[in-house]
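Position one of the sequence shown corresponds to residue 1 (my numbering), numbered consecutively onward.
The hints are simulated quantities; they were obtained by calculation from the structure and are not laboratory data. One or more hints might be untrue.
Unchecked claim - Calculated lysine to any residue pairs in the SDA-like style (CA-CA distance at most 25 Å, straight line):
| no. | residue 1 | residue 2 |
| --- | --- | --- |
| 1 | K35 | I51 |
| 2 | K99 | D80 |
| 3 | K110 | A95 |
| 4 | K108 | A95 |
| 5 | K102 | D112 |
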Amino acid sequence: MLFRVVLAVAVLVIFVYGLVDVIRTDGRLTRGISKPAWIVVMIVLPVLGAILWLLIGRPRDSAPVRQTRSHPTAPDDDPDFLRNLEMRRRKQAEATRLKKLKDDLEAKDKADGDANTGDADTHDTGDVK
């Protein structure tokens with residue numbers, strides 16, 4: 001009786017370990033057949049599938065494949081963030097420069113307009129007398 005329980009637990013542990021290992025392994029690294037096919041074999045033939053996976057299908061390095069992070073951990077490590085930050089800084093500097101030029105041009109036009117208006121009034125009053 002105890003032997004049957006131990007055997008059932010061992011079969012369950014091997015099956016679960018093998019299935020989880022197949023699921024966590026990158027599909028490009030499986031050997032023999034494709035990853036979905038390995039999952040089907042594991043479900044149809046639990047013990048034999050797990051043993052075959054561990055002997056034949058598993059990648060050679062035998063260590064579980066760790067997934068790397070697809071994004072940097074901090075903004076200052078992210079080249080896209082830094083590039084966008086630099087572009088925003090340049091656009092803001094350009095906008096500030098254009099606003100200053102526009103303000104200078106408007107001030108100059110206003111000063112020229114006041115000077116021309118003042119000269120015209122003087123000449124008109126001088127001719128009327």
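Going down the list of hints, with the structure as the test:
1. Note on K35 and I51: the hinted pairing holds, with a Cα-Cα distance of about 15 Å set against a maximum of 25 Å.
2. As the CA atoms of K99 and D80 are separated by approximately 28 Å, the hinted pair breaks the 25 Å bound.
3. With a C-alpha separation of about 22 Å, the suggested pair K110 and A95 falls inside the 25 Å cut-off, and the hint holds.
4. Of the supplied pair hints, the one linking K108 and A95 holds, its CA atoms being roughly 20 Å apart against a limit of 25 Å.
5. With a CA separation close to 15 Å, the supplied pair K102 and D112 stays within the 25 Å bound.
Going down the numbered hints, you'll see the structure goes against just number 2.
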